[in-house]
Structure formats: C-alpha cells, structure tokens
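So the sequences go chain by chain: G and V. Residue numbers for the first sequence follow this note's numbering, beginning at 1 and rising by one. Residue numbers for the second sequence follow this note's numbering, beginning at 256 and rising by one.
Honestly, I wouldn't trust all of these hints.
Here are the computed lysine-lysine pairs in the DSS-like style, where the Cα-Cα straight-line distance is at most 30 Å [as the list claims (entries may be wrong)]: (1) G/121 <-> V/448; (2) G/96 <-> V/263; (3) G/142 <-> G/31; (4) V/448 <-> G/142.
If you are wondering where the hints come from, they were derived from the structure by calculation, not from laboratory data. The model shown is predicted, which means the values in this text are computed figures rather than measured ones.
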Amino acid sequence: MGESSAKIETRELDAYFGSNKAVKGIDIKVKANHATAIIGPSGCGKSTFIRCLNRMHEVVPGTRVTGEVLLEGEDIYSRGTNPVDVRRRVGMIFQKPNPFPNASIFDNVAYGLRMNGIRDKAFIQEQVERSLKQAALWDEVKDNLDASGVSISGGQQQRLCIARAMAIEPEVLLMDEPCSALDPIATSKIEDLIFDLKNDYTVIIVTHNMQQAARVADWTAFMYLGELIEFNKTKRLFENPEEELTERYITGRFG
Amino acid sequence: MNSKGFRKRMIKDRLATVAAVACVIAALVPLVSILVDVLIKGLPQFSFEFLTGTIPPPGSDEVGGIGPAIVGTLAAIGIGSLIGIPIGIVSGIFVSEYGDNLFGRTVRFVMDVLAGFPSIIIGIFAYLVLVVSLGGPNAFAGGLALSIIMLPVVARTTEEALKLVPTSLREASLSLGVSRSATIRTVVLSNGKPGIITGIMLSIARITGESAPLLLTVGWTAFYPTTLSQPMASMPVLIYQFAISPFDNWHDLAWGASAFLILLVLGLNITVRIIAHGGRHLFKRRR
Ligand SMILES: Nc1ncnc2c1ncn2[C@@H]1O[C@H](COP(=O)(O)OP(=O)(O)O)[C@@H](O)[C@H]1O
Ligand SMILES: [Mg+2]
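Can you build the whole structure from these sequences, using the hints too?
Encoded structure:
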C-alpha cells in the first residue's frame with residue numbers, strides 16, 4: 001500500500017431506502033490520517049453516505065447499497081466480508097450521544113473490548129484510561145468511573161461515546177454531526193479533539209456548520225441531493241470553489 | 256349569539272362530566288362491595304391455625320385451616336412459572352428481534368389467540384394431555400394449564416419491552432463491531448429487563464386467581480401434598496367446594512380463603528406497579 005493511496009475509496013456508490021435513492025453514484029478517495037468534512041443541506045444524504053462506509057446503512061430494514069467501498073483497497077461489500085469485522089475497523093459517533101444508560105462510565109468504554117473477547121483486566125483498565133484521556137474526558141470522570149453513563153453532561157456523554165469507539169482502536173472514525181446537540185463550549189472541546197485525533201486516525205465528519213468544517217478539516221466534500229458536487233482542499237473549497245453550486249451554498253444563496 | 260353557544264357548550268360539558276362520574280361509580284360499586292364483603296367475612300378467619308392447619312373432615316366441628324390448598328396453589332404456580340416464563344421470554348425476544356417474517360407473524364398471532372382463549376378450554380387440554388395419561392388429577396397437569404395461560408402474557412410484555420429499547424443503543428453496540436445476536440443478549444436485554452420483570456409479575460398475578468383450569472386438573476385432597484404426580488388441594492377448588500357445601504365451618508374457611516386469594520392478587524398487582532414506577536423514577540433521576 002503506497003503513501004499516496006486512499007484509506008477509504010468509494011466507487012459508484014448508491015444507497016437506497018426502499019426505492020428512494022438517497023446516495024447517487026459517489027466516487028471519493030479519502031486520505032489516511034486526515035480529517036475530511038462532509039457538508040451539504042439537510043436531507044442531501046450525508047448520514048446515509050457515511051453509514052455506507054461501515055455497513056451501518058444495512059441495519060435499517062428495507063435498505064440496499066450498490067457499488068464499492070474500498071478500505072485499504074479491499075471492498076467491504078465483497079462476498080464473504082463480515083460487517084462485524086468492518087465495524088471494528090471503522091468506528092462511528094452518532095448525532096445524539098448514545099452512552100448505555102444502565103452501564104457505568106467504565107463499562108461503557110470497556111464494552112467493545114469485552115464483547116470482542118478480551119478478558120485481561122489489567123489491559124482493559126489500561127485501555128479504558130487511555131481512551132478516556134484521548135477523548136479528553138479522563139480528568140473530569142476519573143474519580144467517578146462507576147457513575148452511570150448518562151449521569152454526565154451532554155458534551156461529556158459525547159466524549160464518552162468517542163472514548164468508547166476509540167477503545168477498540170479503529171482505523172477510521174466516522175462522525176455524524178457529533179456537535180449538533182451540544183453547546184458552544186462542549187462543541188469547541190470536541191473540535192479540539194478531532195484536530196488531535198486526525199494525527200493518528202482517518203476522520204470523516206459530517207457537519208452542517210461550515211465554520212466547523214473550515215476549523216477541523218483538511219479536505220471538504222459538498223453533497224447536494226444525494227450527489228457529490230465537489231471534493232477539494234478545505235481552504236480551496238471555501239475560498240475558491242470550482243462548482244457554481246458549491247459557491248452558492250457556502251455563500252448562503254440557496255436553501 | 257356567541258355567548259349563547261358558549262352556554263350550550265358549558266351545559267353539555269357539565270352533563271358529560273356527570274355521566275362520566277356516574278359510570279365510574281357504577282363500575283366501582285360492585286368491586287368495592289365484593290371486596291368489603293369478602294374482607295369482612297374472611298379476615299376474621301385469619302390465624303396461624305387457618306394458614307397452616309389441614310382441612311377438617313366434613314361434618315366435624317374442628318376449625319381446621321387451608322394449609323394444603325396454599326401449598327398446592329403455590330406448587331401449581333411454581334410449575335406453571337418454570338415452564339411458562341422461559342418459553343414466554345424466548346418467544347417475546349424472537350418476535351421482537353427476529354419476527355419480521357411469516358414465522359414471526361405466526362408466533363405473534365398464536366400468542367394473541369392464546370391470550371383470548373377461555374381458560375376452561377386450556378384446562379380441558381391439560382386434562383386430556385396429563386390427567387388422562389397419568390391416570391388421575393395431579394400437580395403437573397395444573398402447572399401445564401397455568402403455563403399456557405402465562406405464556407402470551409410474558410411473551411407480549413417481553414416483546415413490548417424490547418421494542419421500547421431505543422434504536423440508538425442497538426446501533427451504538429453494532430457500530431462497535433458487536434454482532435446482532437450479542438447486541439440482543441447484552442444491550443437489548445439489559446435495557447428491557449424492567450419491562451420483562453413487570454411482565455413476569457403480571458403473569459403470576461394472572462394465574463394466581465385462575466380457578467377453571469385447576470378445577471379440571473389438580474383434583475382434591477384434604478392433606479398436604481407429598482408428590483407432584485398425585486391429586487392435591489388448591490385455593491380455587493377449595494373455595495368452590497366449600498362454598499357449595501352444607502357445613503358452616505367450611506363456609507368460614509371458604510370466606511377466609513377468598514380473602515387470602517384477593518389480598519395475594521392485589522398485593523402482586525401493587526408490587527408490579529411499584530416496580531414499574533420505581534424503575535421510571537430511577538431512570539429520571541439518573542438523566
Ligand atoms: N430511515 C429512513 N427511511 C427512509 N428514508 C430515509 C431514512 N433516513 C433518511 N432517509 C431519506 O434519505 C435521504 C437522505 O437522508 P440523510 O442521509 O439522513 O440526510 P442528511 O444526513 O444529509 O441530512 C433523505 O431524503 C431522507 O428522506
Ligand atoms: Mg444527517
């Protein structure tokens with residue numbers, strides 16, 4: 001695998017809800033260890049698109065995906081690929097924080113490890129601490145690890161979900177508007193976190209907030225009505241877009 | 256014009272309120288009068304002797320007690336629960352999590368039909384299967400009948416409880432590389448547990464008062480049961496037999512047993528309420 005090749009690449013990717021095509025023929029190459037933002041008006045298929053990247057789209061009944069998604073060159077939709085293995089490598093953070101309400105903070109983070117068969121208590125302990133530190137939550141919860149996962153604030157819950165996803169050491173982190181339910185302070189904490197994470201992980205973040213895309217992402221994709229309109233360096237896309245539609249969206253001239 | 260229409264509506268509103276209150280009273284009067292009547296005549300019978308003593312022979316002036324009937328009823332409930340609860344929970348999980356197909360819809364339909372079945376028919380079924388084949392009334396036959404009555408109650412409440420577990424929690428688990436079945440075993444079941452426990456308690460409350468199936472299946476003796484394959488006493492059968500008997504001391508025992516049964520069912524239902532509410536408060540406090 002050469003330096004320049006993509007971590008994730010999609011080819012002619014279509015996604016359906018029943019007969020409604022929500023993602024239309026997307027081709028994109030996402031580089032490793034970069035943050036990529038996906039912007040676009042609501043309902044344009046951003047969530048559906050990233051849910052195709054870890055095979056979460058298919059857990060909704062009546063859905064279908066065609067085309068290819070290459071993870072380090074291998075199609076995750078090929079026959080014989082287990083979606084469970086894909087999801088271990090490609091983690092996901094959802095729009096609304098969703099910690100397990102009847103599990104402690106510690107058990108929330110340890111869940112993925114334990115369910116993947118890890119029994120070594122010392123290792124789990126270590127990994128939970130490391131993940132919570134990575135998610136910039138450790139200092140706030142270290143004396144309170146037995147408290148329920150929903151006893152903390154919304155912003156802390158979202159960072160808990162990030163720690164939970166990091167604990168199983170995925171290669172790619174998909175984030176679907178992770179700050180949309182949070183206040184500005186919690187949002188800026190998560191943005192700082194994404195900025196750090198992209199050194200070691202490939203991060204793809206959906207956002208409807210263009211300032212956020214500009215702050216955290218190296219590359220930005222603009223989607224409209226299920227199609228990928230433009231994919232460019234973030235600076236380029238916001239300052240000097242190639243497409244008329246992109247220009248109109250970022251200047252707020254349609255909507 | 257406008258104020259006249261308003262007056263009219265006010266009057267209609269009053270009338271509707273009065274009618275509603277009248278209906279509530281009409282519904283409560285029989286309930287309360289039965290309760291009061293049974294408790295007035297039944298509670299004075301309560302004593303250590305009443306709860307543990309054996310059933311007096313006909314025509315004697317011994318006071319006696321209903322001990323064997325209490326034990327028999329508990330045995331039938333125990334056997335019924337042992338069969339009905341696990342099968343009910345498994346059916347509920349199946350219908351909720353894997354039931355989006357013909358087989359799942361069939362199971363749900365069968366459960367719905369079973370829930371509306373007259374319990375006497377279920378008693379006849381148990382009679383044909385276990386009384387005839389074992390050569391006489393026995394505890395197993397009673398347990399079988401009760402388990403069939405519990406089954407749809409447990410299955411439906413389990414299904415409802417699991418369907419209420421948010422999709423977001425299932426997706427959280429799936430997105431961590433946890434398989435569907437492991438997700439159900441951990442996240443779905445642990446979040447549905449309060450609802451499942453409520454269903455179990457409700458189903459036990461339901462069969463505690465069942466009389467028709469026991470009349471047909473467990474038979475009758477005056478003594479404490481020693482094995483489960485022989486006839487035994489039970490509360491509903493005791494009440495039925497003693498109420499229609501000509502002996503005063505038996506009438507007293509029937510009143511006492513009725514009060515005991517009512518309090519038991521009432522207690523179970525109140526416990527279910529407390530568990531259900533307690534669970535919700537707990538959840539609120541944590542948020
Ligand atoms: N669960 C669903 N069932 C049916 N259609 C859906 C569902 N979720 C999304 N869609 C449709 O797919 C399209 C894209 O939705 P989505 O990917 O959620 O957009 P975005 O994340 O950009 O707001 C929308 O037109 C929406 O109506
Ligand atoms: Mg979305």
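Hint-by-hint comparison with the structure:
1. Of the supplied pair hints, the one linking residue 121 of chain G and residue 448 of chain V holds, its CA atoms being roughly 27 Å apart against a limit of 30 Å.
2. At roughly 50 Å between alpha-carbon atoms, residue 96 of chain G and residue 263 of chain V are farther apart than 30 Å, so this suggested pair is violated.
3. Simply put, residue 142 of chain G and residue 31 of chain G have alpha-carbon atoms about 34 Å apart, too far for the 30 Å limit, and the pair is violated.
4. Between residue 448 of chain V and residue 142 of chain G, the direct Cα distance comes to roughly 29 Å. Compliance with the 30 Å bound is thereby established for this hinted pair.
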